[in-house]
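Student: Protein chains in written order, with this note's numbering: chain A, 1 to 112; chain B, 113 to 224.
Note that these hints are calculated values from the structure, not bench results. Quantities reported herein were computed from a predicted structural model and do not represent experimental measurements. Glycine included, C-beta positions come from ideal geometry on N, C-alpha and C. Any given hint could be a false lead.
Reference excerpt, derived from the structure (chain A facing chain B, CB under 7 Å, subset only) [said to hold, decoys possible]:
| hint | residue |
| --- | --- |
| 1 | Cys12 |
| 2 | His40 |
| 3 | Gly43 |
| 4 | Pro44 |
| 5 | Tyr46 |
| 6 | Gly97 |
| 7 | Phe102 |
| 8 | Gly103 |
Heads up, simulated DSBU-like pairs for lysine-lysine below, C-alpha to C-alpha not over 35 Å straight-line [unchecked claim]:
| hint | chain 1 | residue 1 | chain 2 | residue 2 |
| --- | --- | --- | --- | --- |
| 9 | A | Lys3 | B | Lys169 |
| 10 | A | Lys52 | B | Lys123 |
| 11 | A | Lys69 | A | Lys3 |
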Amino acid sequence: DAKTTQPPSMDCAEGRAANLPCNHSTISGNEYVYWYRQIHSQGPQYIIHGLKNNETNEMASLIITEDRKSSTLILPHATLRDTAVYYCIATPLWNAGNMLTFGGGTRLMVKP
Amino acid sequence: DTGVSQDPRHKITKRGQNVTFRCDPISEHNRLYWYRQTLGQGPEFLTYFQNEAQLEKSRLLSDRFSAERPKGSFSTLEIQRTEQGDSAMYLCASSEGRNEQFFGPGTRLTVL
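Please put together the full structure from these sequences, using the hints given.
Tutor: Structure, rendered in structure tokens:
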């Protein structure tokens with residue numbers, strides 16, 4: 001798996017967009033970018049994944065740069081319930097069904 | 113509730129005792145994973161099953177740890193001769209093939 005680098009913490013105002021960056025400069029062509037989050041005292045929760053095209057679902061949008069060396073997870077209208085640790089993982093699709101390698105993640109604090 | 117369930121949610125034991133945790137995955141999911149998470153860190157992969165076959169084990173899974181999934185449904189994780197360093201949150205996840213993993217709430221183990 002490619003190494004990912006995320007800021008350890010970020011703040012966001014409630015109702016504003018939260019933009020969480022992830023650097024994965026050594027990502028290889030077959031590695032997807034996955035995002036999970038972990039709300040306090042809960043297990044991680046899948047958010048979204050992508051290979052090279054931008055992706056959007058009901059939870060978030062994933063923007064991957066053209067060179068695929070970095071990506072941004074966007075929560076368009078953050079709420080207090082989005083306060084969590086967000087993990088960015090780069091891994092081949094075949095391995096995502098085997099094991100996930102979590103780094104330290106970004107602790108997002110959404111403030112009223 | 114049709115999510116991943118884990119039992120017990122909390123376990124306190126004395127050093128040297130054996131403990132066993134249970135995980136019930138989402139019913140149609142053929143893959144089941146175990147992770148361990150210590151305070152302030154991301155989850156670390158321990159092992160995973162496809163149906164009843166244990167396909168991969170991390171080096172973190174010492175010989176005191178054993179996991180089973182006898183009928184390809186629920187799974188148990190046993191730790192023998194617990195040590196204080198085993199204190200952690202033990203997370204179970206399941207997936208349908210290589211799709212996203214769904215995590216349970218975890219079992220918090222405290223070894224005194």
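Student: Could you tell me which of the hints above the structure violates, numbers in ascending order?
Tutor: 1, 2, 10
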